[in-house]
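Line by line, the protein sequences give chains W and P.
Under this note's numbering, think of the first position of the first sequence as 1, with each following residue one higher.
Under this note's numbering, think of the first position of the second sequence as 1, with each following residue one higher.
Some hints could be false.
To be verified - Okay, derived cross-link-like pairs now, EDC-like style, lysine to aspartate or glutamate, Cα gap no bigger than 16 Å in a straight line:
#, chain 1, residue 1, chain 2, residue 2
1, P, 20, W, 141
2, P, 425, W, 278
3, W, 413, W, 19
Unchecked claim - Here are a few chain W residues that face chain P, going by a calculated C-beta distance under 8 Å:
#, residue
4, 92
5, 385
6, 387
What the hints assert, rightly or not - Here are some chain P residues the structure puts well away from chain W; computed CB gaps all over 10 Å:
#, residue
7, 8
8, 18
9, 29
10, 37
11, 56
12, 60
13, 160
14, 225
15, 290
16, 295
17, 307
18, 340
19, 401
20, 434
In short, the hints are calculated from the structure, not lab data.
Computed from a predicted structure; not experimentally measured.
For each residue, glycine too, the CB sits at the ideal point set by N, CA and C.
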Amino acid sequence: MNSLNHNENSIAGLECWIETMRTGSGYGGPSVGSQGISIDYCGAAFDWRYEGLLDGYAARYRSTGRADYLDRIERDLLAITSAQLINGTFRNSWFDLNPYEGGMPHEPAMLAAACRARKLLIENGRTVPSGFDKAVELFAETRLLNELWNRLLHTFNDWLQSSFEYFTPHSVAAAVELLIEYAELGGDWKRLEYYITGAADSLLAVQCTAGAFSGGIPLTSRRGSAFSPAMAARCAPALIKTAQTTGQEKYRRAAEALAGFVRRNIRPDGGFAFVLSEGRPPQQFPVILGAAADVVNSFDHAGLSMPDDSAALQKLLNGKQMANGAFPTAVGFGNSSGKIQIPDWRDILPCCGWQDKIYCFLSRHHSGTPDSFSPADIRLPVRIPGGRGEYIETGKNLYILNRHGKPVYHWEKGAKWALVNLI
Amino acid sequence: MNNATFHDLARSRRSTRIFKDAPVSPEIIRRIVAAATEAPTACNRQLWHCVAVTDSETKIRMSRLSHAEQSYLYDAPVLLAVFYDCSLENRNPCKTPFITAGMALYAMLMAAEEEGVGAIYLGGIRNPSGIARALNAPPFLTNVGVICLGHKADNPPCPPRRPVDEILSHEQCDLKRPHFHADIRPHLWDLRQLADFREKLIWYKGVHIDGLTLHADPDARFSDKYRYMTGRIGTLCAECKKPVVLDVLSLNGALALQMINTCGDDIGTLYTYELTPGTLEYMNAYFQTLIRRPENLKELTNQNPDILRIPLPDNRADVITCYERLEHFQDPAPLLREMYRVLKPGGKALVVVSNRLYPHIYRYKRMRNHEYALGRNWNRGPERKYEPREIETGFRTAGFRIGSMTGLQPVERKVISVLENICRKFRLHNQADSLSGINGQKFTVRGISRYFSSSLAYELSKS
């Protein structure tokens with residue numbers, strides 16, 4: 001356990017903010033990601049946000065013993081089960097590309113975390129929501145093995161009719177993690193081992209073995225693909241778990257090489273460059289705070305944690321928590337030189353799918369019970385397309401105003417859709 | 001084999017697009033190919049040759065060299081590449097080598113069905129000679145396509161078939177349907193051809209994906225344009241209490257599906273209006289792969305094949321959506337009048353049209369060459385693009401009040417992309433990243449540049 005400048009109140013603040021994102025049966029809110037933004041649809045989404053939330057609730061339960069964390073897990077497992085569609089996919093599971101079903105790596109990542117949380121419920125004599133085990137089976141069998149399995153490359157595709165010569169390693173890693181969980185849940189291990197080792201081997205096949213990116217796993221399997229340390233780190237748990245379940249050390253060695261690559265690329269501020277490509281300087285921005293937390297979570301989860309990782313992240317998070325309890329999403333959106341002083345609106349806008357990673361990190365590194373937290377409204381100057389603006393978030397509303405004070409974005413918390421979106 | 005068995009087999013055969021990950025035995029492959037040897041051949045030459053491929057590397061080579069880019073080519077456990085030696089009959093006016101090969105192909109498809117094995121014939125291969133090269137076929141053999149074989153993992157519904165009376169006449173040719181133009185200019189298309197085109201073409205990739213995407217492309221719903229539309233519909237629906245929504249000819253049901261998925265509970269009734277029952281049948285089959293049919297979904301079909309009429313009473317819908325479908329009509333007025341009639345006073349219509357003023361490079365090339373054949377957009381049917389003033393006049397004439405107009409995918413995006421590429425070429429990566437960041441936020445515009453955007457999104461109302 002590291003000593004952090006953050007304390008239990010940081011967690012209380014974040015929990016407080018996360019509760020303001022409750023929409024219908026799940027967690028909603030606008031999303032900003034590396035691929036796009038989804039700010040029209042703000043209803044419940046079933047993507048990787050559950051990864052950090054469920055792991056975080058589990059960590060909080062273990063450290064505080066408070067039963068309400070188990071209640072939250074039960075509630076969320078039920079919501080996940082209810083959001084499943086006939087073909088095994090989940091509603092609104094693309095995070096920053098919402099509102100569509102079939103999100104990768106979101107769906108397997110969410111379900112793998114849900115399976116871990118399920119074990120905690122059982123350990124504590126709680127009932128697993130009915131239909132949850134069937135939902136995992138339906139997703140694993142119908143979606144993953146029947147539709148997304150790539151028979152040529154022996155790995156997983158991102159979508160049904162995707163180009164079959166390429167794959168996304170961190171999506172594959174999420175699928176591997178889920179299949180291992182599914183095997184523990186009662187799946188046929190002998191049959192699943194074929195898929196698990198096949199997919200894990202595909203990660204090894206794309207891992208860089210020499211040069212500046214040695215140990216790195218690229219963003220896609222395309223030749224010349226860029227590297228993202230944060231996304232690459234997500235492959236570590238799958239490799240370690242495959243090593244543990246199959247007894248083959250090559251996966252562990254690959255995970256350790258990967259950890260070496262990620263650690264070599266920690267920025268001085270504790271974050272990670274957005275992407276690294278051969279033959280050009282790293283694209284440093286945006287530095288996504290949740291992604292940096294996700295790296296530490298992944299290493300923790302893989303059992304590869306080292307004190308340096310947490311210390312670096314501490315540096316990145318220190319002093320960033322806002323008065324409403326949330327952390328800004330990123331530093332440096334639309335600011336490739338890093339010289340612009342006013343943050344972009346995407347830097348500030350907190351979204352569940354990144355805050356959960358920070359929440360999970362803080363929950364794992366703090367064991368105390370927080371004092372009460374009193375959230376306050378925030379008003380911050382931001383850059384918006386066309387000039388300067390202002391970001392305002394209260395307990396009930398989220399506004400982005402233009403320089404004339406007119407809202408260019410307005411979401412009433414709890415509503416499925418933004419009321420105004422002129423961004 | 002008796003007559004009834006043959007017809008049963010013919011009726012039950014479907015193209016299989018999802019295969020089980022299980023091998024097909026060599027004996028089954030032999031029996032399927034044996035059926036080809038029983039097929040009739042011109043001059044009894046019997047010059048077919050089939051190559052059964054199961055090796056992954058060979059499949060990848062076949063795909064790369066032929067630019068087939070179709071998932072079945074990778075996914076099916078067995079690829080049966082079919083060749084015919086056309087060199088002996090290359091001057092035959094009836095192209096008998098290809099007809100011979102076609103008969104053999106059908107025989108093999110039927111034999112596969114008889115064996116309980118799924119199959120799909122791949123004819124849409126961009127470069128069939130690549131298949132020959134990948135398999136080291138001698139130059140005198142012509143590839144006539146590939147049959148993908150494997151055990152079935154899906155059970156697709158049957159697309160509507162043309163009735164026999166439509167395709168059979170006696171003694172003299174008595175074709176009842178008009179000539180269907182292979183031309184994207186809609187003034188040549190009447191409503192019957194458009195209805196027929198939509199009803200048949202919509203099925204051509206099966207029901208697992210919407211009819212807009214190419215086989216190797218990601219889901220079309222991830223396009224920025226489509227996402228904008230989804231967002232606006234959601235917001236409009238949220239503004240009303242249990243609104244009645246009408247979706248007009250949109251996106252083969254994909255938009256309706258999205259509405260059900262994202263705001264199904266908020267919608268009172270969702271009407272989907274199509275030209276033929278076959279198109280709605282497709283939509284239902286597509287929905288059923290994902291959702292249980294909601295009770296608030298109602299289908300509407302055009303009743304008179306020559307007149308557009310939405311079978312709803314006046315002032316019924318709170319929200320109407322129409323996504324790039326006015327493009328099908330040379331004169332959009334009849335459809336706009338219908339939309340206006342059905343819209344409630346105070347209701348809103350969200351209409352997206354393609355902008356003629358945007359530099360669609362392919363379009364200029366076509367115009368220059370007077371080349372209007374269904375080509376690039378053959379799966380979309382006829383299309384015309386509208387100048388903003390022209391379509392706005394159309395809206396006003398129909399009675400609509402124009403609330404707002406947003407440009408989607410503005411022309412400056414194209415310009416910025418070009419600049420970004422130039423920066424990358426000169427290794428000005430920071431500048432290129434900045435431009436890329438600007439482009440990422442430049443999808444919708446409301447200033448003057450909206451008039452030069454790829455598509456125009458209008459929000460109309462009925463006062």
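Run the structure past the numbered hints and jot down the numbers of the failing ones, going up. Going through the list in order, the structure violates hints 6, 8, 11, 12, 15 and 20 and respects the others.
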